[in-house]
Amino acid sequence: MSAIQPPAQRVWWKQPVHKEEILWIVIAFAWCLVMFFMMPYWHVYGKQNLSSETYRVTPALFQKAAEEMVAKYTVRTETDEKIPVVHPPAGADIYLIARLWAWWPILELEQGKTYRLHVTAMDYQHGFSLQPENINVQVLPGYEHVITVTPNRAGTYSILCNEFCGIGHHKMVSKLYVK
Amino acid sequence: MANNVAEFRTCPRTGLQFHKSAETLIKANAVAAVVALLVGGILALLVVLTRWQAVHIIDAENFYMVLTAHGLDMLAYWIIFFEIAVLYFCSSTLLRSRLATPALGWVAFWLMLGGAVLNNVAVFRGDSSVMFTSYVPLPANPMFYLGLILFAVGALIGCFIFLGTLVVARAERTYEGSIPLVTFGALTACIIAIFTIASGAIILIPTFLWSIGYISHIDPLMYRLVWWGFGHSSQQINVSAHVAVWYAIAAIVFGAKPMSERVSRVAFTLYILFLQLASAHHLLADPGVSTEWKVFNTSYAMYLAVLASMIHGLTVPGAIEVAQREKGFTKGLFEWIRKAPWGNPVFSGMFISLLGFGFLGGISGVMMGTEQLNMLIHNTIYVPGHFHATVVIGTTLAFMSLTYFLIPTLFNREVIMPGLAKWQPYLFGLGMAVFVLAMMGAGTLGVPRRHWDITFAGAALPYEFPGTAWLMLAIMGISGLVAIVGGAAYILITVGSLLWGKKLESGAYSTKGTVLRMPVATAITGHGSAGFAAPGTFVFALVFLAAFVLYYFVNWKYLSTVWGLS
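Protein chains in written order, with our numbering: chain Y, 7 to 185; chain Z, 1256 to 1821.
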């Protein structure tokens, strides 16, 4: 008679189903379809889709690419550690290294321009978290993720690490400027 | 033959029949679960008081250690020990059968206990602060992985004992007809558990070998892919188990029968078929997996499971409504719920669990599991906000309410401090609800999860979170304390009742078991008739849907304002 007893009918699968159950299943299923179509829809009409362009990479190789970019486009340095600030031209390939416990180098971009941002981790897993914009992407060692970004507002942003990466995790903060 | 010596007793209050060996095993697993909850709860206090930025009680090293242990003790040990107890209860007790191979049940228990202790020792040595997820190449002590593996092997044996008991019950004809819906739900949990533990073995065994130097490299992406087959699927065991507990409590408190067996069982089957691959949504912000893979696995896999949860969300309260209406609470749409026994913690806890799981855990989970929207909250404190709604309000509170039923039935003790017990689900459930909302609020402002210090003391470059984020963390801290008081009350009542509760008559043991008869089918008015049998529940469901749709599109709106990404 109840849910902790066997069904009252031996052939319970032929028992009629309540009207509101059927109606609710139809509504819920329709809603699930809407949620499914939103994802492909956004790929066609939306402007915020995470790229899946990825390459295998070694830390040394990525480091070299980042250093070449820094040598070419550094405009100034910041803090006592002399972290380079690079201002690459629009459309450029830009490289961002995540490592224990810093992001390197500091990027300076232009509003409305598009860049190909390459990002990888040198050691453990890290989390790219752009604040206060709140864009969050996983960063894995051995994988070079290429994301096409178009900053739409000028300002000073911060990049935090939001994947736990050891004792200095909370010190892993950098800046990103949009002019 | 073991059957000849199996001893049974019938509980004089509920009529449930306990197999002596099963009973002892259920007790042992339930007690181990509560001990894990106690340890996890003390750790929760330290975590909350540290993340409440204005209090910030322990240092970074201890914080990450405590957080790792908190995750494991709660998510793995408290919940899975309790689930093994639920599995034995749903097979042996509900089917009135002897438990298959009780001796192996003890092997399982000691393996699980040994594994849990070993894993905790590894964490508290301080060299395994790798969080619950232990993402490679972050290194932990080999004991850390070994403990988890032993625990998983024990749990796997428990699953097979459950399946074996179903076979024994069928062969020895201890019940008529089909297995009860609650046992079917437990079977769902068990099948998912086997998949889950297999995934865990596939990734944790190589990781253990890597930690002792036998394997040189574990690919971080592969680790995440396979690990989440374990990490997320284990939460699907919880969902199946606590939904089964909801149905059980509806049956125990109201004598509620499922609205229709077919719908509820199909919904459980949807969990088995589609829930596991939904773990793909943990990789939505990852490099190296294609867009099509992400969309396919979160929509095909997850939404059909979401559908199943939405069905249970209707049929569980619907079953209660039908039962209440048959008792004469028919006035208007909502008399059945207004006149429900809100002072009975078995019911109130279960109903808060249902609401919290659906409104807070369910809606936020689907939002997070949408490919593009995931970028807004990935790895922020929103994520623990979500899963505290699902596994704390959902699973933990459901298990707590079941405990109030088990104390007199299984342990034959009267629940002590009934006044406190009456308030406990509210303290815990509502404290947790505010806690969860505050975490989600902070996450929406970008506050990272698993993070010791959002003032970033000692960092080369500064970042300041807005005052609202601090406020959210303070609300989280205060409501977290309320929930911890609620959790402490649960432990006090449970342990106190077991030690000092008035002894109740347990029923004598005999070697003769009785057969679980099929209930006599009655012609029930309202079944398949033109009107709705549960109109109030249907209105609740529509309110839920409206909240869901609104919140979902608010997040798309938010996404449309951030930087262009492609």
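Worth flagging that the hints you see were computed from the coordinates, not collected in a lab.
It is possible that part of the hints are untrue.
As the list claims (entries may be wrong) - The following label-pair restraints were derived from C-beta to C-beta distances:
id : chain 1 : residue 1 : chain 2 : residue 2 : range
1  : Z       : Ser1471   : Y       : Ala96     : 23 to 29 Å
2  : Y       : Ala96     : Z       : Tyr1681   : 54 to 60 Å
3  : Y       : Asp129    : Z       : Ala1801   : 17 to 23 Å
4  : Z       : Leu1726   : Y       : Ala96     : 35 to 41 Å
5  : Y       : His93     : Z       : Val1372   : 52 to 58 Å
6  : Z       : Pro1721   : Y       : Asn158    : 16 to 22 Å
7  : Z       : Gly1713   : Y       : Ala96     : 31 to 37 Å
8  : Y       : Ala96     : Z       : Gly1468   : 30 to 36 Å
9  : Z       : Ala1801   : Y       : Thr80     : 28 to 34 Å
Stated by the list, open to error - Pairs of lysine-lysine residues, derived as DSS-like cross-links and limited to a Cα-Cα distance of at most 25 Å, are as follows:
id : chain 1 : residue 1 : chain 2 : residue 2
10 : Y       : Lys25     : Y       : Lys88
11 : Y       : Lys119    : Y       : Lys185
12 : Z       : Lys1757   : Y       : Lys53
13 : Y       : Lys88     : Y       : Lys20
14 : Z       : Lys1757   : Y       : Lys25
15 : Z       : Lys1767   : Y       : Lys119
16 : Y       : Lys181    : Y       : Lys119
17 : Z       : Lys1757   : Z       : Lys1677
18 : Z       : Lys1275   : Z       : Lys1812
19 : Y       : Lys53     : Y       : Lys177
20 : Y       : Lys25     : Z       : Lys1812
21 : Y       : Lys25     : Y       : Lys119
Computed from a predicted structure; not experimentally measured.
By construction, the Cβ of each residue, glycine as well, lies at the ideal position given by its N, Cα and C atoms.
Structure-based check of each hint:
no., hint, in the structure
1, Z:Ser1471 <-> Y:Ala96: 23 to 29 Å, "violated, 42 Å"
2, Y:Ala96 <-> Z:Tyr1681: 54 to 60 Å, "holds, 58 Å"
3, Y:Asp129 <-> Z:Ala1801: 17 to 23 Å, "violated, 47 Å"
4, Z:Leu1726 <-> Y:Ala96: 35 to 41 Å, "holds, 39 Å"
5, Y:His93 <-> Z:Val1372: 52 to 58 Å, "holds, 56 Å"
6, Z:Pro1721 <-> Y:Asn158: 16 to 22 Å, "holds, 20 Å"
7, Z:Gly1713 <-> Y:Ala96: 31 to 37 Å, "holds, 35 Å"
8, Y:Ala96 <-> Z:Gly1468: 30 to 36 Å, "violated, 48 Å"
9, Z:Ala1801 <-> Y:Thr80: 28 to 34 Å, "violated, 54 Å"
10, Y:Lys25 <-> Y:Lys88, "violated, 70 Å"
11, Y:Lys119 <-> Y:Lys185, "holds, 10 Å"
12, Z:Lys1757 <-> Y:Lys53, "violated, 66 Å"
13, Y:Lys88 <-> Y:Lys20, "violated, 75 Å"
14, Z:Lys1757 <-> Y:Lys25, "violated, 47 Å"
15, Z:Lys1767 <-> Y:Lys119, "violated, 81 Å"
16, Y:Lys181 <-> Y:Lys119, "holds, 18 Å"
17, Z:Lys1757 <-> Z:Lys1677, "holds, 18 Å"
18, Z:Lys1275 <-> Z:Lys1812, "violated, 58 Å"
19, Y:Lys53 <-> Y:Lys177, "violated, 32 Å"
20, Y:Lys25 <-> Z:Lys1812, "violated, 35 Å"
21, Y:Lys25 <-> Y:Lys119, "violated, 55 Å"
Of the numbered hints given earlier, the model fails hints 1, 3, 8, 9, 10, 12, 13, 14, 15, 18, 19, 20, 21; all others are met.
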